[in-house]
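Undergrad: Below, each chain spelled out in residue letters.
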Amino acid sequence: MAMLEPTARQHLVVVGGGMVARRLVDALRARDDAGRWAVTVLCEEPRAPYDRVALTSYFTGRHPEDLALGGQDLWDDPLVTLRRGVAARSVERQARTVTTADGRTLAYDSLVLATGSYAAVPPVPGKDLRGAFVYRTIDDVADLRAYVEGLRSELDRPVRGAVVGGGLLGLEAAGALRALEVDTTVVEFAPRLMPLQVDDGGGEALRRLIENLGVRVRTGTATARIGGDRGRVARMEFTEGEPMDVDVVIFAVGVRPRDELARAAGLEVGERGGVVVDEGCRTADPAVWAIGEVACIQGRCLGLVAPGYTMAEIVADRLLGGEGTFPGADLSTKLKLLGVDVASFGDAFAKEAGGLEVVISDPVAGVYKKLVMSDDARTLRGGILVGDATAYAALRPMVGRPLGADPAAYLLPEGSAPAPAGDLPDDAAVCSCNNVSAGAIRCAVVDAGCTDLAGVKACTRAGTSCGSCLPLVKKLLTTELEKSGVEVSGALCEHFDLSRAQLFDVVRVQGLTTFSDIIGRHGRGRGCDICKPVVGSILASLGTGHILDGERATLQDTNDHVMANLQKDGSYSVVPRIPGGEVTPEGLIAIGEVAREFGLYTKITGGQRIDLFGARIEQLPKIWKRLVDHGFESGHAYGKSLRTVKSCVGSTWCRYGVQDSVGLAIALELRYRGLRSPHKLKLGVSGCARECAEARGKDVGVIATDQGWNLYVGGNGGFTPRHAQLLAEDLDTEALVRTVDRFLMYYVFTADRLQRTAAWVEDYEGGLDAIRGVVLDDSLGIGADLDAAMAAHVDSYEDEWAAALEDPEKLRRFGSFVNAPELPDDSLAYVAERGQARPATDSERRQSGVLIAGTTLEVRR
Amino acid sequence: MTVNLPDAEAPASTLLEVCPLKALSTERGAAALVRGVQVALFRTFDDQVYAVQQQDPYSGANVMSRGIVGSRGEAPTVASPMYKQVFDLRTGACLDPVGKDPRPLLTYEVAIQDGIVLVGAARAVDANHVPGAP
Ligand code: SRM
Ligand SMILES: Cc1cc2nc3c(=O)[nH]c(=O)nc-3n(C[C@H](O)[C@H](O)[C@H](O)COP(=O)(O)OP(=O)(O)OC[C@H]3O[C@@H](n4cnc5c(N)ncnc54)[C@H](O)[C@@H]3O)c2cc1C
Ligand code: SF4
Ligand code: FES
Numbered sequence: 002m003a004m005l006e007p008t009a010r011q012h013l014v015v016v017g018g019g020m021v022a023r024r025l026v027d028a029l030r031a032r033d034d035a036g037r038w039a040v041t042v043l044c045e046e047p048r049a050p051y052d053r054v055a056l057t058s059y060f061t062g063r064h065p066e067d068l069a070l071g072g073q074d075l076w077d078d079p080l081v082t083l084r085r086g087v088a089a090r091s092v093e094r095q096a097r098t099v100t101t102a103d104g105r106t107l108a109y110d111s112l113v114l115a116t117g118s119y120a121a122v123p124p125v126p127g128k129d130l131r132g133a134f135v136y137r138t139i140d141d142v143a144d145l146r147a148y149v150e151g152l153r154s155e156l157d158r159p160v161r162g163a164v165v166g167g168g169l170l171g172l173e174a175a176g177a178l179r180a181l182e183v184d185t186t187v188v189e190f191a192p193r194l195m196p197l198q199v200d201d202g203g204g205e206a207l208r209r210l211i212e213n214l215g216v217r218v219r220t221g222t223a224t225a226r227i228g229g230d231r232g233r234v235a236r237m238e239f240t241e242g243e244p245m246d247v248d249v250v251i252f253a254v255g256v257r258p259r260d261e262l263a264r265a266a267g268l269e270v271g272e273r274g275g276v277v278v279d280e281g282c283r284t285a286d287p288a289v290w291a292i293g294e295v296a297c298i299q300g301r302c303l304g305l306v307a308p309g310y311t312m313a314e315i316v317a318d319r320l321l322g323g324e325g326t327f328p329g330a331d332l333s334t335k336l337k338l339l340g341v342d343v344a345s346f347g348d349a350f351a352k353e354a355g356g357l358e359v360v361i362s363d364p365v366a367g368v369y370k371k372l373v374m375s376d377d378a379r380t381l382r383g384g385i386l387v388g389d390a391t392a393y394a395a396l397r398p399m400v401g402r403p404l405g406a407d408p409a410a411y412l413l414p415e416g417s418a419p420a421p422a423g424d425l426p427d428d429a430a431v432c433s434c435n436n437v438s439a440g441a442i443r444c445a446v447v448d449a450g451c452t453d454l455a456g457v458k459a460c461t462r463a464g465t466s467c468g469s470c471l472p473l474v475k476k477l478l479t480t481e482l483e484k485s486g487v488e489v490s491g492a493l494c495e496h497f498d499l500s501r502a503q504l505f506d507v508v509r510v511q512g513l514t515t516f517s518d519i520i521g522r523h524g525r526g527r528g529c530d531i532c533k534p535v536v537g538s539i540l541a542s543l544g545t546g547h548i549l550d551g552e553r554a555t556l557q558d559t560n561d562h563v564m565a566n567l568q569k570d571g572s573y574s575v576v577p578r579i580p581g582g583e584v585t586p587e588g589l590i591a592i593g594e595v596a597r598e599f600g601l602y603t604k605i606t607g608g609q610r611i612d613l614f615g616a617r618i619e620q621l622p623k624i625w626k627r628l629v630d631h632g633f634e635s636g637h638a639y640g641k642s643l644r645t646v647k648s649c650v651g652s653t654w655c656r657y658g659v660q661d662s663v664g665l666a667i668a669l670e671l672r673y674r675g676l677r678s679p680h681k682l683k684l685g686v687s688g689c690a691r692e693c694a695e696a697r698g699k700d701v702g703v704i705a706t707d708q709g710w711n712l713y714v715g716g717n718g719g720f721t722p723r724h725a726q727l728l729a730e731d732l733d734t735e736a737l738v739r740t741v742d743r744f745l746m747y748y749v750f751t752a753d754r755l756q757r758t759a760a761w762v763e764d765y766e767g768g769l770d771a772i773r774g775v776v777l778d779d780s781l782g783i784g785a786d787l788d789a790a791m792a793a794h795v796d797s798y799e800d801e802w803a804a805a806l807e808d809p810e811k812l813r814r815f816g817s818f819v820n821a822p823e824l825p826d827d828s829l830a831y832v833a834e835r836g837q838a839r840p841a842t843d844s845e846r847r848q849s850g851v852l853i854a855g856t857t858l859e860v861r862r
Numbered sequence: 031m032t033v034n035l036p037d038a039e040a041p042a043s044t045l046l047e048v049c050p051l052k053a054l055s056t057e058r059g060a061a062a063l064v065r066g067v068q069v070a071l072f073r074t075f076d077d078q079v080y081a082v083q084q085q086d087p088y089s090g091a092n093v094m095s096r097g098i099v100g101s102r103g104e105a106p107t108v109a110s111p112m113y114k115q116v117f118d119l120r121t122g123a124c125l126d127p128v129g130k131d132p133r134p135l136l137t138y139e140v141a142i143q144d145g146i147v148l149v150g151a152a153r154a155v156d157a158n159h160v161p162g163a164p
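Note that the protein sequences, when read in sequence, are chains D and F.
Per this note's numbering, the very first residue in the first sequence carries number 2; after that it's consecutive.
Per this note's numbering, the very first residue in the second sequence carries number 31; after that it's consecutive.
It is worth saying that the hints were derived from the structure and are not from the lab.
One thing to keep in mind: the hints can contain errors.
Claimed, not checked - Away from chain D, derived, C-beta distances all over 12 Å, residues of chain F:
id, residue
1, Gly100
2, Arg153
3, Ala154
To be verified - Capping the alpha-carbon separation at 27 Å, the derived lysine-lysine pairs in DSS-like fashion look like this:
id, chain 1, residue 1, chain 2, residue 2
4, D, Lys475, F, Lys52
5, F, Lys130, D, Lys811
6, F, Lys130, D, Lys475
7, D, Lys626, D, Lys681
8, D, Lys681, D, Lys604
9, F, Lys52, D, Lys476
10, D, Lys623, F, Lys52
11, F, Lys130, D, Lys569
12, F, Lys114, D, Lys681
13, D, Lys569, F, Lys52
14, D, Lys128, F, Lys114
15, D, Lys623, D, Lys811
16, F, Lys114, D, Lys476
17, D, Lys626, D, Lys569
Stated by the list, open to error - Covered stretches of chain F, going by a simulated chain D footprint (3 or more residues, C-beta under 8 Å):
id, segment
18, 60-67
19, 70-80
20, 118-126
Just so you know, even glycine gets a beta-carbon here, dropped at the ideal spot from N, CA and C.
Assemble the whole structure, with the sequences as input and the hints as a guide.
TA: Here you go:
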């Protein structure tokens, strides 16, 4: 090929002035330094290419000019001619000319079709009535706005609108209607919203989010007919369900490639339309190219702007002699629809065989996240994020790569953890029971001069109902006090100036074993409901005897004192320990018989055990006796101590399990049962990365790997849910147990009263890394102490119930009345519900006749 | 079972025998039935005995005897085991209403004779009592 002279300038005609056309001209002009190409762009719309993706922002007050793409410079370039409002009519390939709607003929050396798509309109009767719109161009949205505004001034009620189509476009359109204050319903034929991008779970999350914005959603129904009134849209009828009165309808059911020029010119089109091109975006005619939505590449048309831009770059490259080819479409999308984040990437529907899904769904927060993994749970294949797409940026590039030990961690990026209390915005709700914001609490400290928790509680009422917000309230208080230079005392209460951790140290180092001794040396007064249980717990952690021995009994909260859980009416519940959730049929029958005999309301707990409610204090020893005789022991559903070690079935039965999770869970539960701690402790063990035991929601979570166990710490559910963080990987069982021993003991040694592990790790100076140093590398040289303390706990464990049953002095505490130990509390009243007894409500108590006196009476059905 | 209940017919002003002092543990309450009414008895560290209503005024449950005994300043106290309000055992005054409106406990006259605890009538409630004041 002869060298091209600069004078041998060629002419490129681009048909269509959309986003992709603009990108082509831009790319070409940027690289064509020699000026080999002059470009003419034929643009049917009356304006220069604009940002169609941002079309909806037209309704939030933006002018059409604000949608312009890039500056005017490109169009001022002498080698570029933009012809607005001029459509191409036909292409004469033989002659290499294009005829325009205004009757002119343009010669080309190369022709690029970038005509995009038009909005599809379903063939329903009434589709042409006034008030029916599509949603594709600035003119479409300008007409829509004018129509709605006209209606609004005419009607004395809100304008009613419907969007046909619940996909990406439909939700955009619904957003536009909302912005115009139209009462909006989205009608989707498929059973969920955005059927092409998200799965059922994602669609459900999306529906909830969108309904919360006041948009109604009707899925699984097709529009049968649009009824008119004097030529205007008035109602819609459906194949399923009630008809609906509407004033305006937007069709957003999809797009069709505008391939009419190519068809007429005899170029090949795809099965579903679109100009067929090769990997270089060229048609069978070497002088004709197609890019953007109109191109059928690799067998399909792509309705996103990013692949269109890639095609534009390829053609610019090829026009200048390059060899660029289309790398394949990445249909990943991240959108903000009606303010809702939606992202979908890779093999989002797990179409490839053997895919495995990791799903995190929080309907309350309106978040649905799914990762599709390869069958060994290692390689990321794709995913869907609805409600919070912050992980998209990190995840999309990882498609096809291993995600490491813990895929779910990607769904919870560091930044998504709840902000430390100090940084909470003022309007953040801290106490949901009493509707108190962070600002109100700061105000109580700064303006009202509250200096302690009691003051803040009295002043704001925060923390006075369920109490679960108290740690947060305390943190806000401390932060504010510190800010204003007040020295914050860690004092436990008016009786002790020491904090729990300090008290723990002195008790341990000085070997103190009685409350009187401790308060005599380090405190004042006779203690209270705050310091007494703390001292009781410290003494118990240090393994200094039965929790009800001597004076120790006076330190315990009623639950620890009677070793059962107090209920609202003054009765108790009994929760037999079922380590790892494993129970024999005989065990189940025994529990069932006890419940039946004592008339106890029976419920499966969230912690893999069985709770028996409604036991009177004087019945407790009899109930225990029966349970102990059947091999059960005390379950701590009360107490700041180990609750349960939740387990999945693991390798014993599960086809995916790689380790014996039940066996390990039982071993851990038996090891740590009875361990008294600053707050309750929950553990979980899963047999593989599928994580059926929800171990990462526990203070200590263990997840099996091919090599051993991964150990996570600092998780919890409850008021401020936290996912546990990885502490160590691929430990063998012995190393795992040693590490958990040290982690738990170090927590017991140093945490604050009622501080769960997550908050402790967060508050600990140096965070998890520093704690890892202590428990794995013995950075403080206390490893042996921690090991010894745990060994002492394990060796001295005794079944608290069985021990109480052996001791008449302890049994005396279970009399109902000191002068009538067997007489039941006659104020207890129960009502039958679903075949069991439950406490009567106040109003039921006031009406006589409905009551069943005492739980032992037979329940009427 | 031997039940030896104080006579429900006895005039309210008389002191009735309830139990031996040694049946009460130090700093741990016990419930008793006095004239058919549930009363919570407390024996404090200094061997004083107090009697208050067994019904927790906040939850309505008969549980006050199961609360933790201690002190606030000079006042001997019990904290309700249900929602942790704190009461002065001497006067029944609510010292920490935990964000609710203060509700006092009824207190009962108590005497100890020959190692036996006697409980009398409920004392009048001082409606003007300011919580927290001695
Ligand atoms: C029985 C049970 C509900 C059920 O019917 O399923 C239950 C019942 C109680 N929970 Fe719970 N929780 C139960 C599972 C849970 C779970 C789920 C779990 O363990 O998997 C959670 C969230 C997970 C977690 O703790 O991280 C849970 C988070 C709480 C919290 C909030 C803790 C937090 O850190 O925010 C409290 C309040 C507290 O401990 O201060 C609480 C407190 C309570 C208490 C003890 C409240 C009380 O003092 O009366 C309830 C009395 C239990 C009783 O009388 O037997 N319960 N509770 C569950 C017993 C499980 C078991 O067998 O041990
Ligand atoms: C409301 C809305 C929101 C969207 N949101 C997103 C998003 O978030 N992310 C995303 O990736 N994509 C989104 N899209 C899709 C995206 O806008 C398109 O993929 C992109 O615009 C395609 O560019 P194009 O240049 O191929 O076609 P177009 O932008 O459609 O441009 C084609 C142009 O050619 C003109 N034309 C057609 N025929 C002729 C002719 N014969 N002569 C002259 N001119 C002609 C048309 O009038 C049009 O102006 C959205 C689309 C809409 C409508
Ligand atoms: S977590 Fe346990 S039960 Fe679930 S799949 Fe893995 S091994 Fe099986
Ligand atoms: S008391 Fe604050 S959230 Fe319940």
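Undergrad: Give a verdict on every hint.
TA: Right, here's what the structure says about each hint:
Remark: the non-interface label on Gly100 of chain F conflicts with the geometry, its nearest Cβ contact in chain D lying 4 Å away (cut-off 12 Å). With a cut of 12 Å on Cβ distances, Arg153 of chain F stays outside the contact zone with chain D, its closest approach being about 21 Å. At roughly 24 Å from the closest C-beta of chain D, the C-beta of Ala154 of chain F stays outside 12 Å, upholding its exclusion from the interface. Between Lys475 of chain D and Lys52 of chain F, the direct Cα distance comes to roughly 42 Å. Violation of the 27 Å bound is thereby established for this hinted pair.
Taking the CA atoms of Lys130 of chain F and Lys811 of chain D, the gap is near 35 Å; set against the 27 Å cutoff, the hint is violated. For the given pair, Lys130 of chain F sits about 19 Å from Lys475 of chain D by alpha-carbon distance, which is consistent with the 27 Å threshold. A C-alpha spacing of about 26 Å is found between Lys626 of chain D and Lys681 of chain D, which places the hinted pair at or below 27 Å, so the restraint holds. Among the hinted pairs, Lys681 of chain D with Lys604 of chain D is consistent with the structure: their alpha-carbon atoms are about 21 Å apart, no more than 27 Å.
At roughly 45 Å between alpha-carbon atoms, Lys52 of chain F and Lys476 of chain D are farther apart than 27 Å, so this suggested pair is violated. As the CA atoms of Lys623 of chain D and Lys52 of chain F are separated by approximately 25 Å, the hinted pair is consistent with the 27 Å bound. For the hint pairing Lys130 of chain F with Lys569 of chain D, the CA-to-CA distance comes to about 17 Å; that is within 27 Å, so the pair holds. For the given pair, Lys114 of chain F sits about 19 Å from Lys681 of chain D by alpha-carbon distance, which is consistent with the 27 Å threshold.
Distance restraint check for Lys569 of chain D and Lys52 of chain F: the Cα-Cα separation of roughly 30 Å exceeds the 27 Å cut-off, and the hinted pair is therefore not satisfied. Distance check on the hinted pair: Lys128 of chain D and Lys114 of chain F sit about 67 Å apart at the alpha-carbon level, beyond 27 Å; violated. Only pairs whose Cα atoms come within 27 Å are accepted, and Lys623 of chain D paired with Lys811 of chain D is accepted, the gap being roughly 14 Å. Proximity of Lys114 of chain F to Lys476 of chain D is assessed by CA-CA distance (about 21 Å); at most 27 Å being required, the pair is judged to hold.
Under the criterion of a C-alpha separation no larger than 27 Å, the hint pairing Lys626 of chain D with Lys569 of chain D is consistent with the structure, at around 25 Å. With 4 residues carrying a beta carbon less than 8 Å from a beta carbon of chain D, the segment 60-67 of chain F meets the three-residue requirement, and the given coverage holds. A count of 3 residues in the segment 70-80 of chain F with a Cβ less than 8 Å from any Cβ of chain D is obtained; the coverage claim is therefore met, three being the minimum. Figure legend: the segment 118-126 of chain F, annotated as covered by chain D; annotation inconsistent (1 residues with Cβ-Cβ distances under 8 Å, at least 3 required).
The structure shown violates the earlier hints numbered 1, 4, 5, 9, 13, 14, 20.
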